[in-house]
Amino acid sequence: MRKKMKKLKELNVKLKRKKERLPDNFDFEYYWFGIENMLASDLFQVLLKVMSLLYNTLDMFSGQNRINLVTNLMLSNFFNLFCHWCPEVRTYFQLLLIYKLLRAERQNLPCFTDGKVVREYNTGISHKSGRFGLQKANNSMTYTDERSFERRMAVFDATANSSEQDDEHLLIDIMLCSKIDSYVRMCLENDPSIPEQNRVYVNPALVQYANLLEKYYSGINSKSNETLVTLAHRMIESSTNPYLN
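Numbering (my numbering) for the sequence shown: 9 to 253.
Hint data in this document are derived by calculation from the structure and do not stem from the laboratory.
None of the hints are false.
Okay, derived cross-link-like pairs now, SDA-like style, lysine to any residue, Cα gap no bigger than 25 Å in a straight line: (1) Lys124 x Gln216; (2) Lys108 x Leu47; (3) Lys124 x Lys223; (4) Lys108 x Ala48; (5) Lys108 x Asn211.
Simulated DEER-style distance windows between Cβ atoms: (6) Asp175 x Leu51: 36 to 42 Å; (7) Gly71 x Glu204: 35 to 41 Å; (8) Asn198 x Gly71: 31 to 37 Å.
Treat the numbers as computed from the prediction; the structure is a model and nothing was measured.
All C-beta atoms in this analysis are idealised placements derived from N, C-alpha and C, irrespective of residue type, glycine included.
Using the sequences and the hints, build the whole thing.
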């Protein structure tokens, strides 16, 4: 495991230096193998390390490789990470969900559970209408499921003149958003199919998630992006992260 982590750390350094897409001869199979093994670890230090790696490199994957990484590896371990016994593991995974897995802003995507999570689990805030969801002509917003079709169509309409690559990113975003939403909804409903060892941590996980979502939307809706940028990057940026050094 140490050898794998060393290899992945070296790979991360190389990837951080590249400004363009990954080369055609990149060994994806080896990368998937290493990530899969680390995400299956019982050691919280290993989980923090691999999620730090993913946070710093996820934007370098696109198309089918992005789908493989997110759906086959990360979301397949959703409950083990989202409802992990270790609060730091939960936070790191939730920062990935909020800041890295989706490339469009969440308010432009069908993230229907965001509003419900914040309303029900972030009890220390005042809930103002118009904070989540699709903006209407009267500047109010909604985060209910009732306008799902309109919200999805609005996203497509807004990108009608975008490039083919942007359209691909958007389609993947919508697919991943739906998957994330379904998992979060299962937590909200305390679904019995959630593994028993994770079920006991559902409530504290949702409280953490609500707090992080509130900070995300506060950053989106503020005039400054400082809150949006510094919250996650301060914790996971490789240059200051002890789990990646």
